[in-house]
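Undergrad: The primary structure of each chain is shown beneath.
2 protein chains.
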Amino acid sequence: MDLRIRKAKKTDSKEIIRLIKELAAFEKLNPPDAAAQRRLIKDAFRRNPPFRIILAFDGKEAVGYAFYFFSYSTFLARPTLYLEDIYISDKCRGNGAGKKLMSELMKIAKEKKCGRLEWIVLDWNKNAIDFYDRLGAKHMKNWYFYRYTL
Amino acid sequence: MDLRIRKAKKTDSKEIIRLIKELAAFEKLNPPDAAAQRRLIKDAFRRNPPFRIILAFDGKEAVGYAFYFFSYSTFLARPTLYLEDIYISDKCRGNGAGKKLMSELMKIAKEKKCGRLEWIVLDWNKNAIDFYDRLGAKHMKNWYFYRYTL
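Protein chains in written order, with my numbering: chain A, 1 to 150; chain B, 151 to 300.
Hint data in this document are derived by calculation from the structure and do not stem from the laboratory. There could be a bad hint or two in this list.
Said to hold, decoys possible - Straight-line alpha carbon distances no greater than 27 Å define the calculated DSSO-like cross-link-like pairs of lysine-lysine that follow: (1) B:Lys157 with A:Lys138; (2) A:Lys107 with A:Lys10; (3) B:Lys263 with A:Lys138; (4) B:Lys263 with B:Lys157; (5) B:Lys260 with A:Lys113; (6) B:Lys171 with A:Lys42; (7) B:Lys263 with A:Lys141.
Given only the sequences and the hints, what does the whole structure look like? Please build it.
TA: Encoded structure:
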């Protein structure tokens, strides 16, 4: 493995879409449809994008990514780095790519004077949960996650 | 009750701080300290603020608020309205102020072409949970909420 992490560029669009489809299949969720894929790429690379992407490469091949944006803690009065998605291709798991992505995110969060990183994880994804626990992250068991669909 | 909802202005700062302290006491969490209060107000009313505030008034008195910002769903490729805090003063609960705040948030979310509203709630806050359930929101039980503190 020749692992490198860098910000995504518009020329990475195809790889980003390939990886997000892999993640959807892995999470057993509906992947973005064709229109959503176009919106996603347009949003990712517009001025003041609503989220940011970093990619993990093994040599020239994109093998993972993280989508994140800045939310805000009103009690800390500091931004929070919110990790919307993190994904490593099946064949590359266990090689440190996830840890490298998380280290990069922690670095970015510190630069932005964030107080926290936050994310959600599916309850059956034991490998991911173990990974987060090893990093020293905390499962906030007393908070329920709610969604209202428009 | 003479309920009105409007966007917060800088001149509402004192009322905002009073209400956030009430919320912290209610949630048994540490309120923002003096420095955090100053950062919060500075951030709320700067250019491109990291979060937005709407207030509920009963006549001239601020009796509740909602802090929100826009997160993003990569699968929908649409913004999400993320509700960071919602609070109604004890004496005003049960008078429809919470519902008015939520209706206003739903209206804002629709205008911004969001696909969802999301938030977290403390597991012991049965009144809030019942309120969200009545609105038709869904407790996403299979997602765990994780936090890493910097």
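Undergrad: When the hints from earlier in the document are held up against this structure, which numbers fail?
TA: 1, 3, 5, 6 and 7
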